[in-house]
Structure formats: C-alpha cells, structure tokens
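2 protein chains.
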Amino acid sequence: MWKSGVTLARALRPRSAPRLGSKASSRASKPAAACHLLWSSETQFSQAGQPKDYALPNASWSQGMLNLYNEFVEKSKDGTWKRIPSYRHSLDHIPDSVKLEGEKVQKDTRLFLRNLDEEGLGFEYVMFLNPSEKRMVTVYQPGPYLEGHPGFTHGGSTAAMIDSTIGSCAIFVAGRVMTANLSIDFKNPIPLGSVVLVDSKVDRMEGRKVFLSCQVWSADGQTLHAEATALFIQLASLTRR
Amino acid sequence: MWKSGVTLARALRPRSAPRLGSKASSRASKPAAACHLLWSSETQFSQAGQPKDYALPNASWSQGMLNLYNEFVEKSKDGTWKRIPSYRHSLDHIPDSVKLEGEKVQKDTRLFLRNLDEEGLGFEYVMFLNPSEKRMVTVYQPGPYLEGHPGFTHGGSTAAMIDSTIGSCAIFVAGRVMTANLSIDFKNPIPLGSVVLVDSKVDRMEGRKVFLSCQVWSADGQTLHAEATALFIQLASLTRR
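Protein sequences appear in the order of chains B and S.
Here the numbering used here is used: position 200 in the first sequence is 200, and no number is missing along the way.
Here the numbering used here is used: position 149 in the second sequence is 149, and no number is missing along the way.
These are computed hints drawn from the structure, not numbers from a lab.
Since no wrong hints were added, every one of them can be taken at face value.
Just so you know, same-sequence chains aren't split out, so a pair can sit in one copy or run between any two.
Lysine to aspartate or glutamate pairs mimicking EDC-like chemistry, simulated, CA-CA at most 20 Å apart:
id	residue 1	residue 2
1	LYS187	GLU206
2	LYS134	GLU227
3	LYS107	GLU118
4	LYS107	ASP117
5	LYS77	GLU133
6	LYS75	ASP220
7	LYS134	ASP78
Owing to the predicted nature of the structure, the values given are computational and were not obtained by experimental measurement.
Bound-form chain B, shown alone (with noise of 0.2 Å):
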C-alpha cells in the first residue's frame, strides 16, 4: 500500500535522464506550448448526456487502491495533477474536434480495458495528468480475469497496462497517436489483486515521432515490475485543429 508521502514521493521521483536520450539527434523537440490535452474533463460529447465515467472508486477497490487514488486527489487539488476520466467506448474520449468524418460511437465495441462487465475482475484503474512534467502516472488494480502464470498477471495484461498509460501520455502531447514501437523489459511479476503505479513520461519528440519511458512499480514504491520505452507516431491528419 501507499502509506506515506515519502514513499509517494519516492516513487515519483524526478526521473533520471531517459534511456533514449542518448540516441536523441540534434534537432530540437517541439516546444511544450504546441501540447494539447486530447481528452480531458473538457471534451465535448456530441451524444445527449455524458457516459459513464469508470475512473472513479467502486466497491471493488482495495484500501490500497483507494489510497493512492486518495493522494493523487489532493495532489490535483493545486492542478498539478488532473485525473482523467474513462469510459467504456473508445470513441468516447476523442473530442468532436478531432473526430473524423461520420465517425460516431460503436455501441457493439468496447475499449479493450474497459471490456468486462462486473467489476473487480479486470482492469480497474485511474489515470493522472502532470502536464507540466508531461507525465501520466495511472494506478492499477489488475483482477483475477488477468491470469498468466497462475497467481500473477499475464505478460499481454501487464503490456496492455503500459501500453494504455505510455499511450495516453502520448495523447497528451500529440493528439491522436498511434504506437510504432513498445519495448517492455519485465523485472518481478505483479500478483493478481495488488496495486501498482505506471509511470510514464514523455522523452522528447522529432517531428511527428512522440518518444516516451515507463516504469510500473508496486503501491510500496519498493518492487520494479517493469520498464519501458515506446514510440509512438503522431497521425498527420487528425492532428489537433
């Protein structure tokens, strides 16, 4: 569990230099200001009425869960983190703006980690926004539906988990994104039923190439779980307008 603000703070600690950066070119990256929030507590729905928002506390969730959910709650509170709300259809999330032409919500599809209809027994999760650090730290309480090795998350699951937070931090950056590369390095396998924080963070960008670093680490801030680095390409047609 998150028991302290100095083991929070451990955690999220200022990171060392990115892994990636050594590889990084000569060219500038693009400045901070041309950032955008793609979806955010601000998008509009074209829909009537907003869907539900699954980010929020449920019975399912551990005190260890509501805990760290809790800390990062009053660490949003002078707007240096912002939690991000989650739905259950993929298209939910993208604002009219960036929106294609005819694309509308596909009620017979589900966003991947919000598949499951009883909760607890998948991915339950909340995401949070630094946009200062360009940092998406999101919390994790994977379920007994997320079975590898028996007892301990499946290595898809555990990649779905960085995949979904390094890509939402890509978001956050350039819009609407699609991944090239994800290089995950597994340390400890994450049991079935505990909570863990993926922390993801935005390198640099060249062009339209968005490169981001990721660590998952339990709720102690005591076990690495994972490492990763990810590329992801911004798509030219549905930047932000």
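Dock chain S against the given chain B, drawing on the hints supplied.
Frame of chain B, contents of chain S only:
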C-alpha cells in the same frame, strides 16, 4: 482470407534472422517477470474430466478464420503441425509433472485471453505447433471488445496476442518460462473482426535464455501488422522433466 497453398507458403516462408538478435544477445541476464504456462496435448489432469477446450471452431468464427483453421488441421495430418488445446483456467494448461506443490486450479481466476463469456467478443484463437521448426503459429480473430483506436485492436491487445503466442513457443522448448523482454514494432493497425496469423519461432537458446521472434500477418498474407522479438527465461526449478 487464406486462399491458397501458395499464399500460405508465402506467409509461412522461412524467416530471416531476427533484427534485434544482436541487441538481445548483448542484454544482461535479468530476473524474469511475466509468467507463462506449459501446456501441451500430453497434459495430464488430476481432476475428474477434461476442461472445455476453447481452441475449436464456434459460431463466431468467420469463414476466413475457419479456412485458416482447416488448412492447419490438414497440415497436421502428417504430424508436421499439431493443434494445441486451450482452456479458461491457467493451471489447466500445466501438466502434473511440472506443477508446484499445492498448485490447484483457482476457479475464480481466468486466463487473460479467455476471460470473456460470450464467444466472438474477445480473443478467438487456435494455436498450432511445428515441433521440428520450433515454431508456434496462432490464428486469431480479434473481436469488438478489444478496441483501441476506433475500429482497430488496442495496442495492448495486439501485444497480448503476440506475448501469448511467443510465450507458448518458448514453453515448447524450455518448459515453464517467464517473459524478460518483449519488443514490438507495430506496422499496420489490425481491424476488429479480421483474421491474423501470429507466427513465432525460437531463434536460439543460451543457457536458460530463450530468444524468439514473431510476425503478425493478415490472413491473406498481404499485410504485415507487427513484428516482435522476445527474451524468455527458463525457470530453473521448473524445467521440463
């Protein structure tokens, strides 16, 4: 769709050396983290009766999925390929000979890729093993509940398809293994409801390290959706007996 033996031969052509081989070989040994299961048709079950095998056609399978399945079943008649059964619970895949003391199937957990109740919504798939080539191929039909970008599979679900296939391939060679690294290059998005062939192969072994590579092709062999390399670590106490 998989239309001809020529097309099949094209997608299943001998593969070149993995691009990341040199990088992988220089990688220091690390503790492995994402766990995988040993399953095979020789699995002996201690509980009464066989669990349901999900790697068989059901009403949700498209004609394209059935065509590929039938082609591999045909190729299995001479023993070159072998269909691998697939169950809902992780431990059902593990033969008694490599079970840990006290390991029992937990009925409240589910294998990540078999966690949805309704056929066709999630991962429909069947794996075929080519023992002499140390190769595992999975025919996948990703359903509408695996969405990321509207209309396409989530990067995390693509990673899960790859991890599951490549991990199963590692298991065939090394017994119980854990993922140490997985690196994926995403080339072309995978439409929901399409059929893809995930083709994985053991490239080499160094002690307890198993190096593999993988490609994800469209069913017609015309589109390369993704390429991946992986490093798995054999669990010392659980090597195949």
